[in-house]
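Visitor: First residue of the sequence shown: 2, per this note's numbering; consecutive thereafter.
Treat the hints with care, since some could be wrong.
What the hints assert, rightly or not - Straight-line distance between alpha carbons at most 30 Å, and here's what the computed DSBU-like set of lysine-lysine pairs gives:
hint: 1; residue 1: Lys278; residue 2: Lys173
hint: 2; residue 1: Lys10; residue 2: Lys59
hint: 3; residue 1: Lys206; residue 2: Lys173
hint: 4; residue 1: Lys234; residue 2: Lys206
hint: 5; residue 1: Lys137; residue 2: Lys33
hint: 6; residue 1: Lys206; residue 2: Lys177
hint: 7; residue 1: Lys30; residue 2: Lys10
hint: 8; residue 1: Lys173; residue 2: Lys234
hint: 9; residue 1: Lys113; residue 2: Lys35
hint: 10; residue 1: Lys278; residue 2: Lys146
hint: 11; residue 1: Lys59; residue 2: Lys33
hint: 12; residue 1: Lys278; residue 2: Lys257
hint: 13; residue 1: Lys185; residue 2: Lys146
hint: 14; residue 1: Lys115; residue 2: Lys146
hint: 15; residue 1: Lys302; residue 2: Lys137
hint: 16; residue 1: Lys113; residue 2: Lys33
hint: 17; residue 1: Lys206; residue 2: Lys185
hint: 18; residue 1: Lys314; residue 2: Lys137
hint: 19; residue 1: Lys185; residue 2: Lys278
hint: 20; residue 1: Lys137; residue 2: Lys35
hint: 21; residue 1: Lys6; residue 2: Lys59
hint: 22; residue 1: Lys302; residue 2: Lys314
hint: 23; residue 1: Lys115; residue 2: Lys10
hint: 24; residue 1: Lys35; residue 2: Lys115
hint: 25; residue 1: Lys278; residue 2: Lys177
hint: 26; residue 1: Lys177; residue 2: Lys234
hint: 27; residue 1: Lys59; residue 2: Lys30
hint: 28; residue 1: Lys146; residue 2: Lys302
hint: 29; residue 1: Lys234; residue 2: Lys257
hint: 30; residue 1: Lys195; residue 2: Lys314
hint: 31; residue 1: Lys115; residue 2: Lys59
hint: 32; residue 1: Lys234; residue 2: Lys195
hint: 33; residue 1: Lys302; residue 2: Lys59
hint: 34; residue 1: Lys6; residue 2: Lys113
hint: 35; residue 1: Lys6; residue 2: Lys30
Claimed, not checked - What follows is a set of in silico ranges between Cβ atoms, one per label pair, in the way DEER data are often shown:
hint: 36; residue 1: Ala168; residue 2: Glu31; range: 56 to 64 Å
hint: 37; residue 1: Asn45; residue 2: Ser317; range: 47 to 55 Å
hint: 38; residue 1: Glu281; residue 2: Ala89; range: 31 to 39 Å
hint: 39; residue 1: Ala168; residue 2: His228; range: 26 to 34 Å
hint: 40; residue 1: Glu176; residue 2: Asn232; range: 20 to 28 Å
None of these hints come from the bench; they were simulated from the model. Just so it is clear, the structure is predicted and the values come from calculations on it, not from any experiment. Note that CB positions come from ideal geometry on N, CA and C, so glycine has one too.
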Amino acid sequence: MANIKQIAKTAGVSISTVSRVLNNHPYVKEEKRKRVLDAVEELNYAKNINAIHLIKGKTYTIGVMLPFINLPYFSTIIEGIGNEALAAGYHINLCQTNYDSIEEIRVLEMMKMKQFDGMIICSRTSSWEQIESFAKFAPIISCEKMNHPLISSVYVDHYEGFRLGTAYLLSKGHEKIGICLARKTSVNSMEREKAFADTLRNEGKTLHPEWIFHQCYTMQDGARILHRILNMKNRPTAIFTANDQVAAGLLTEARKHGIRVPEDIAILGFDNHEISKALEISTIEHPGLTMGSHAFSLFHKQIQSEQIAGNAKELSFHLIERDTV
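Modelling step: build the complete structure from the supplied sequences, incorporating the hints.
Guide: Okay, here's the thing in structure tokens:
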């Protein structure tokens with residue numbers, strides 16, 4: 002099989018020029034780039050997958066940026082993306098960032114260097130001002146609300162989701178309500194907390210800051226919160242959690258301590274994942290599968306020039322009533 006030296010000789014350029022072309026460096030004259038790519042094809046160097054990508058102008062891989070792979074919230078979105086990607090002949094590359102802004106920018110730099118045909122951002126900590134400059138290199142799709150001419154989005158209104166859940170608990174007679182949220186600095190968490198506070202205030206109910214818990218992601222976190230509640234003299238009668246894993250942790254730990262659900266404490270989850278179905282947890286259904294499917298569809302239409310960037314689609318939440326409220 003041909004090597005870089007042979008390509009350089011055939012194209013009549015330096016080895017460094019061949020290297021720049023193969024790495025998709027932007028500062029190469031078009032005439033030289035064409036000669037190198039012609040030589041690549043002539044010498045059958047296209048057996049190298051990177052060369053094939055250069056010739057076709059596509060990698061048939063889409064990057065998916067997400068903070069954690071193991072949380073069901075994100076795994077459901079990934080499933081939706083994966084189903085559509087498979088049907089379209091695409092691979093997905095999962096880029097876990099742990100909410101590290103440096104890692105997020107590094108992933109976007111990979112897209113800029115044409116390692117991916119585009120990027121779906123499930124969640125991020127970097128500002129959109131930092132991200133938007135990359136949108137000129139490849140399609141970027143956001144799974145959060147976004148108003149930008151170069152970035153399309155498919156999203157849910159987290160304020161509405163928590164307004165719906167809080168109003169439901171109030172309608173069931175609960176006035177002493179607590180909430181479990183994720184990152185305190187997250188835009189979604191702030192929207193959820195605001196909806197919770199606004200709904201209580203609109204109904205003339207008291208907000209208790211000591212019943213607002215952050216950094217809640219797992220069943221272990223739910224168990225931890227249950228212990229904190231048990232140590233309180235003034236306890237909430239209902240807890241609204243940001244995901245079903247935390248709700249499941251609260252429920253299982255409550256049962257260990259002889260706490261009756263929903264008689265002693267009501268528990269409302271969020272997402273409607275399998276664990277909520279198995280444990281009959283009341284929850285707010287998040288359309289993660291549909292979100293992932295729509296996100297890939299937005300990307301695919303954009304890369305095929307069937308649709309311009311900047312489209313936005315909002316999905317709805319649904320209340321699922323079971324046994325814990």
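Visitor: Each hint: holds or not?
Guide: Structure-based check of each hint:
no.	hint	result
1	Lys278 / Lys173	holds, 21 Å
2	Lys10 / Lys59	holds, 26 Å
3	Lys206 / Lys173	holds, 14 Å
4	Lys234 / Lys206	holds, 19 Å
5	Lys137 / Lys33	holds, 24 Å
6	Lys206 / Lys177	holds, 8 Å
7	Lys30 / Lys10	holds, 17 Å
8	Lys173 / Lys234	holds, 23 Å
9	Lys113 / Lys35	holds, 21 Å
10	Lys278 / Lys146	holds, 28 Å
11	Lys59 / Lys33	holds, 20 Å
12	Lys278 / Lys257	holds, 20 Å
13	Lys185 / Lys146	holds, 18 Å
14	Lys115 / Lys146	holds, 26 Å
15	Lys302 / Lys137	holds, 16 Å
16	Lys113 / Lys33	holds, 21 Å
17	Lys206 / Lys185	holds, 23 Å
18	Lys314 / Lys137	holds, 21 Å
19	Lys185 / Lys278	holds, 28 Å
20	Lys137 / Lys35	holds, 23 Å
21	Lys6 / Lys59	holds, 25 Å
22	Lys302 / Lys314	holds, 14 Å
23	Lys115 / Lys10	holds, 26 Å
24	Lys35 / Lys115	holds, 17 Å
25	Lys278 / Lys177	holds, 26 Å
26	Lys177 / Lys234	holds, 13 Å
27	Lys59 / Lys30	holds, 20 Å
28	Lys146 / Lys302	holds, 19 Å
29	Lys234 / Lys257	holds, 20 Å
30	Lys195 / Lys314	holds, 23 Å
31	Lys115 / Lys59	holds, 8 Å
32	Lys234 / Lys195	holds, 26 Å
33	Lys302 / Lys59	holds, 14 Å
34	Lys6 / Lys113	holds, 27 Å
35	Lys6 / Lys30	holds, 19 Å
36	Ala168 / Glu31: 56 to 64 Å	holds, 60 Å
37	Asn45 / Ser317: 47 to 55 Å	holds, 53 Å
38	Glu281 / Ala89: 31 to 39 Å	holds, 37 Å
39	Ala168 / His228: 26 to 34 Å	holds, 28 Å
40	Glu176 / Asn232: 20 to 28 Å	holds, 21 Å
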